[in-house]
Every structure is written in C-alpha cells, then in structure tokens.
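J.: Here is how the chains run, residue by residue.
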Amino acid sequence: MTDAWFAGADPDDPESGATRVRTGRAPAPADWPAEAVDAGFAADETDYYAKLRSATLAAASEAVAERERADDVQLAHAVRAMDDAERTANELAERVVEWAGTLYGDVPRGLDGVRDIAARDPKTAAEERVVSYATRAVDLLDERDDLRSFIEERAPTAAPNLAEMAGPVLAARLIALAGGLEPLAKKPSGTVQVLGAEDALFAHLKGRATSPKHGVIFTHEYVRGTRPQDRGSAARAFAGKLSIAARIDHYSGDYRPELHAELADRMETIRARADEGADE
Amino acid sequence: MSDDSGLPDGVERRTFGGRERLSTRGAQVYGEPVDADGWRAWDAGRSKLGAMLELGMDTGLVGGESVLYLGAASGTTVSHVADFAGPTYAVEFAPRPVRDLVGVAEDRDNLFPLLKDARDPESYAHVVEAGIDCLVMDVATRGQATVAVRNRQFLADDGRLLMAVKARSEDVTADPDDVFDGVVAELDSAYELLETARLDRFHADHLGIVARPK
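Chains as they are written, first to last, in UniProt numbering: chain A, 1 to 280; chain B, 1 to 214.
Everything labelled a hint here was simulated from the structure, so no lab data went into it. Keep in mind that the hints are not guaranteed to be accurate.
Rough simulated footprint, nothing fancy, chain A against chain B, three-plus residues with beta-carbon under 8 angstroms [said to hold, decoys possible]: (1) 94-103; (2) 122-130; (3) 140-147.
Every residue gets a Cβ at the ideal spot worked out from N, C-alpha and C, and that includes glycine.
Could you build all of it, start to finish, from the sequences and the hints given here?
T.: Listed below in structure tokens is the structure:
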C-alpha cells in the first residue's frame with residue numbers, strides 16, 4: 001500500500017484528492033507521477049500534473065478559507081480595526097475642536113467637544129463644513145464602540161479562559177500580536193509577558209537597555225495596579241497563567257475555573273508584600 | 001540583445017523603462033512592468049533568487065526542471081520560477097500569503113501550492129515527488145540550515161540547493177558573518193557547497209548559497 005496522495009482518491013473528483021493532500025503523510029517522497037500512471041490514476045504524466053494541480057489548488061483554498069474564517073482571526077482583525085478607528089477619531093477630533101474654536105465661543109475640549117459640535121445646527125458655509133467633519137469623527141467613535149462590543153461578545157467563545165483572565169479586549173490584543181491563538185499557545189510565557197514591547201526587547205537584546213518587564217499586559221489591572229517594585233513579579237505570574245489559558249483554549253477549549261482561582265491567589269500573595277513592607 | 005548566458009531558458013534580460021532587467025514570460029502577478037511581448041520584469045530587489053541570478057551566481061538552472069520551493073510566501077518569486085521551470089511545488093506555512101499564492105497558481109498549469117510547514121517534510125512527502133532538480137530555500141525562520149538538511153530527501157543526486165540565508169532570522173543581535181558561518185557548517189552534513197555570495201546589493205544581510213547533495 002502506498003502513502004501517495006492519490007491512493008484511495010477518486011481520479012475524477014478533485015475534492016477527494018484535496019482531502020488527501022491536506023491530511024496525508026508519507027515518511028519519504030517517491031516517484032509519484034510514475035506510480036500514479038502505473039496505478040491507473042492518471043493516463044500519463046501530463047494528466048497526472050493536471051490532476052495534482054486541481055487537488056492542490058482545492059486543498060490550499062479550503063485550508064486558507066477555514067483558517068481565515070476562524071474566530072481568532074476575526075478577533076485579531078476586530079481589535080486592530082478598533083485601534084485604527086480610535087486613533088483616527090482622535091486625529092479628526094483634534095482638527096474639529098481647533099477649527100470649531102474659531103467659529104464658536106464655547107467648545108468643550110476633546111471627544112466631548114466633537115459630539116457637541118456634531119449636534120449643532122450650522123448657520124454658515126464654514127459651520128456646515130466643521131459640523132459635517134465632526135459627524136464623521138463621531139461615526140468613527142461609534143464604530144469603535146461597536147467593534148468593542150463585537151470583541152466582548154466573541155472573545156469568550158473563541159478563547160474562554162484567556163478572555164476571562166485578561167478581559168476580552170486584552171485577550172484579542174494578545175491573539176493579534178501573536179498572529180493567532182495557536183501561535184500564542186505555542187509561545188513561552190516569557191514571550192507573552194513582553195508581547196507588544198518589541199522595541200524595548202530588541203533594545204535590550206542589543207545591550208542598550210534593561211529587559212522590559214511587561215508588554216501590552218500592562219493594561220491589565222493585575223500589572224498596572226501592583227506597586228512598581230512588584231510589577232515584574234506580577235507580570236511574570238500573570239503571563240505564566242495567560243499562556244496556560246491560551247494553551248487550554250487552543251488545545252481543549254473548555255473553561256477551567258481553578259486556573260483563575262490560582263492566579264487570584266498568587267496575585268494576592270504578591271500584593272501582600274506591599275502591606276508587609278508597610279508594617280516594618 | 002544582451003548577454004543571457006548563465007540564465008536558464010525562459011529568463012531574459014530585457015529593457016523596462018530604459019533599464020535592463022531580468023524577466024520571465026507569464027501572467028502578471030504583483031503590478032510589475034510588462035512589455036509588449038508578454039515578458040514581465042523580475043525585480044531582484046524583491047526576490048532573493050532574482051538577486052542570485054542578477055549577481056551572476058552559477059545556479060545550474062537551465063529551464064524546465066522540477067522545483068521544490070520552500071517559503072513561497074505570496075508567490076512573488078515562485079511565479080517567475082514557474083514561468084521558466086517544469087513542475088513547481090510551492091510550500092508556504094502562513095495562511096494569509098497562501099490566499100495570494102493560490103491566485104498566482106490559478107494562472108499557471110505547473111504550479112502546485114501547498115499550505116504546509118517546511119520543517120515537517122513528511123506532511124508533504126505524499127505529494128511532492130522524489131528526484132527534484134532544484135530545491136529553493138527562502139524561509140525566513142530560525143534554523144534555515146536544519147530545514148535544508150531535512151528536505152535533502154526530495155533532491156536528485158545531481159540536483160541543486162539554492163538558498164538565501166537571512167541573518168536576522170537566525171539571530172537579530174549576532175554579527176551576520178557569524179550567522180552565515182554557522183549555517184554553512186550545518187549544511188555541510190548533507191550538502192557540498194559550490195558557491196556563496198553576499199546579496200547585499202539587493203538584500204541587506206543575506207547570503208546566497210548554491211550547493212549540491214553529498
């Protein structure tokens with residue numbers, strides 16, 4: 001019995017060949033074109049390559065589509081889009097407030113100002129432009145909020161433990177930075193700890209700086225809310241449990257409450273150091 | 001016409017926008033310049049293999065050979081390879097670029113896209129035939145030499161390994177020369193080196209290698 005991709009495949013059905021291309025394995029290559037002709041799978045070499053082409057094209061398209069529809073890919077795109085929307089809205093807002101200040105006497109600062117301007121009734125051509133521009137910024141802000149809701153809804157299904165532990169948005173960010181849930185699950189926790197701090201990490205590797213204590217996980221209360229001298233420990237403990245959570249989510253997918261209790265315990269111990277210090 | 005010696009059949013130097021460039025004949029892929037006869041420019045600045053040919057390395061390519069291309073990415077270089085080579089197997093690990101690679105393969109009869117991991121040859125040994133004439137290695141990952149050694153089994157005894165080593169993929173902090181020495185030493189277990197050249201004119205910190213199986 002041969003391991004060839006065409007073994008057991010229907011010569012007239014590229015789909016059956018495609019499945020074998022995707023799932024098959026062989027310990028070593030062989031002269032597959034000749035074997036296929038001998039086995040009657042193909043009439044000649046030209047026919048073999050035509051069949052191989054259909055099967056590999058179908059296999060690659062299916063595999064890509066399956067992978068790209070996956071929830072983790074959608075989450076990664078959503079969180080990047082959310083950041084784009086927020087950054088752009090802020091940029092527009094700056095211009096709106098600056099411009100509106102020359103037309104109106106009473107413009108609140110920042111994003112509140114933009115919402116305020118967008119709700120006004122323009123009286124001149126210039127006011128019309130500034131109000132219209134403000135409306136775009138407000139639309140973008142609404143889009144950002146919708147994207148956030150989408151992430152909050154999807155993350156708990158895509159990565160239940162990670163979303164519970166880090167919060168949906170940070171979970172999505174970690175997935176985006178790692179390039180997917182599987183790559184995240186395969187990263188050592190030391191890498192998870194500094195995801196998003198690549199500049200600082202490379203400066204350190206080049207010998208120009210100390211090693212970064214945390215990357216994007218800094219946004220979580222467990223890290224940010226711990227006093228500076230214990231933040232390294234907190235980040236290390238948090239990253240360790242996060243990478244375990246990512247592995248459970250990727251390889252099994254069930255929710256494990258005990259994992260979250262362990263982390264809460266550990267965090268309490270680390271934070272207790274601050275109280276001990278105060279007593280001394 | 002200029003000196004096309006050393007170039008495989010199907011690769012020519014032709015003039016695009018007043019400048020002489022490598023080119024192959026086939027469907028346009030990435031917005032590259034195309035001339036009236038259907039030849040499309042092969043940008044050596046975007047292709048390590050293009051740079052090796054441009055720098056006059058003796059790749060042993062003659063045209064029409066079977067090729068296993070590891071690290072095909074979205075198919076920029078492999079599209080040119082399929083234009084002049086025979087059966088061309090293109091292996092790429094990341095799904096997103098394979099989406100583009102499939103588009104490139106749809107326009108070519110002899111290009112077979114495979115969403116597989118080059119570090120795990122058994123996952124495609126049931127598809128890729130034995131006795132390949134040319135193994136092209138363009139993977140930007142750590143352990144490039146290990147991957148080349150593991151894929152030695154596909155290569156015919158008189159076949160060629162064409163490899164572009166990216167120093168920064170192995171170790172961002174190390175000196176490129178040390179990285180290249182390490183890669184060359186590891187290749188030595190399975191390959192005899194025929195020629196090496198720095199590709200810096202086109203690609204910073206890359207080493208081009210031509211080798212044959214031992």
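J.: Evaluate each hint against the coordinates.
T.: Against the structure, the hints:
Residues of the region 94-103 of chain B lying with their CB closer than 8 angstroms to a CB of chain A number 6, which satisfies the three-residue condition for coverage. Proximity of the region 122-130 of chain B to chain A, defined as three or more residues with a beta carbon under 8 angstroms from a beta carbon of that chain, is established by the 8 residues found. For the region 140-147 of chain B, the proposed coverage by chain A is not satisfied: 0 residues have a C-beta within less than 8 angstroms of a C-beta in that chain, short of the threshold of three.
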